[in-house]
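Numbering follows this note's numbering, with no gaps: position 134 of the first sequence is 134.
There's no promise every hint is true.
Ranges between beta-carbon positions, derived for each pair [said to hold, decoys possible]:
1. 300 to 127: 37 to 47 Å
2. 297 to 132: 34 to 44 Å
3. 41 to 263: 39 to 49 Å
4. 255 to 171: 34 to 44 Å
5. 40 to 222: 51 to 61 Å
6. 48 to 113: 40 to 50 Å
7. 77 to 242: 19 to 29 Å
8. 286 to 248: 15 to 25 Å
9. 12 to 103: 43 to 53 Å
10. 171 to 25: 17 to 27 Å
Calculated from the structure, these hints are not laboratory results.
Computed from a predicted model, the values in this text were never measured in an experiment.
Where is the CB? At the ideal position from N, CA and C, for every residue including glycine.
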Amino acid sequence: MPELPEVETICRTLAPILVGSAFARAELVWPGCIGNGSAPDFEASLAGSICTGISRRGKYLLIALDHSRWLGVHLRMTGRFTMMDSGADRDRHLRAVLHLQDGRELHFIDQRKFGRLALAFGIDGLRHFLRRLGPEPVIAAARSSNSHPGEADDTAGSGFANVPGPEFMTAASLASRFSGRRAPIKSLLLDQQSVAGLGNIYVDEALFRARIHPLTSGGSLGTAEIGNLCEAILESLAQGIENRGTTLSDYRDALGGTGSNQTKLLVFRRNGKPCLVCGTEIIRVRVSARGTHICPRCQVEPTATSAAVRPPSVKGD
DNA sequence: ATCCCTTCCTGAACGC
DNA sequence: TGCGTTCAGGAAGGGA
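Given the sequences, and given the hints that come with them, work out the whole structure.
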């Protein structure tokens, strides 16, 4: 399931082999993968377009085209892109082929048919496409962006700069979104309006790092806890990017490569194994209908009293 | 406004 | 062996 680090890795592996190339035509093997507009419109719009840059916002992959247009892609659960040579073998889950004028084929493969491709026209179209996304976590040294917060650069062909400048995630932005909320912190972190890019894996990892139980209500978190959580999110995502993503089953980068972050996970799918901090057995519970992995000792479940009166944070057992 | 449930979809892992 | 059932989950949409 591609989350921010996986989409970032796809972005980085796809850019050097796609930017500057021209699309010849789109072949929609399963037209249902088009997220907006009609299939004929999609095919007509893509034909002849030149890829001028590739970037990412949250879990969206944004392929910039000439004439201020973007191909926005959400991979959801099992979607992936692979660059293939002309006439290459076709995966049984192939949903679309984006033919390039040089003969190569960009294959969009998606076992479960949740992923979508959509075209956005103009900077306002792109803003509309991204309207539901909250602040972007900025990973240190992860980007060479030359845009500034709040500054939208509409110049086609300038790579990263042609995405509207997002608000960046900070402890303050999290605090304002958690304030007054009674829902479990895990639910709030999965909501892309709180922070863009987190999914089930990195939420569990970040909450463990911050020693926060996923059922803790968002509004009950104190300033220090939110500060820790903010850092934990950035650390979890940075580690994921460093390891080129987490490959538990389907995920591959644009070159077909797997990530290695699955070997570095602290709690996700480690139920039954010892906590790497205290040795207690990791358990799997359900929170907002999601499989959730916690260390029951490092992440103490909130009670009615502890939610009302915050206990002192645990320092070094 | 907020929160929770359902829907979409396929294939793996079950149980009988 | 082979069938049917359950589970996995990101985001949108609907109902309470």
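Now for the hints, and whether the structure bears them out:
1. 300 to 127: 37 to 47 Å: 42 Å, holds
2. 297 to 132: 34 to 44 Å: At roughly 37 Å between Cβ atoms, residue 132 and residue 297 fall inside 34 to 44 Å, so the hint holds.
3. 41 to 263: 39 to 49 Å: 44 Å, holds
4. 255 to 171: 34 to 44 Å: 36 Å, holds
5. 40 to 222: 51 to 61 Å: Taking Cβ atoms as reference, residue 40 and residue 222 lie about 55 Å apart, which means the hint holds.
6. 48 to 113: 40 to 50 Å: At 28 Å between Cβs, range violated.
7. 77 to 242: 19 to 29 Å: Check passed, 23 Å falls within 19 to 29 Å.
8. 286 to 248: 15 to 25 Å: Holds - the Cβ-Cβ distance for residue 286 and residue 248, about 18 Å, lies within 15 to 25 Å.
9. 12 to 103: 43 to 53 Å: 24 Å, violated
10. 171 to 25: 17 to 27 Å: 47 Å, violated
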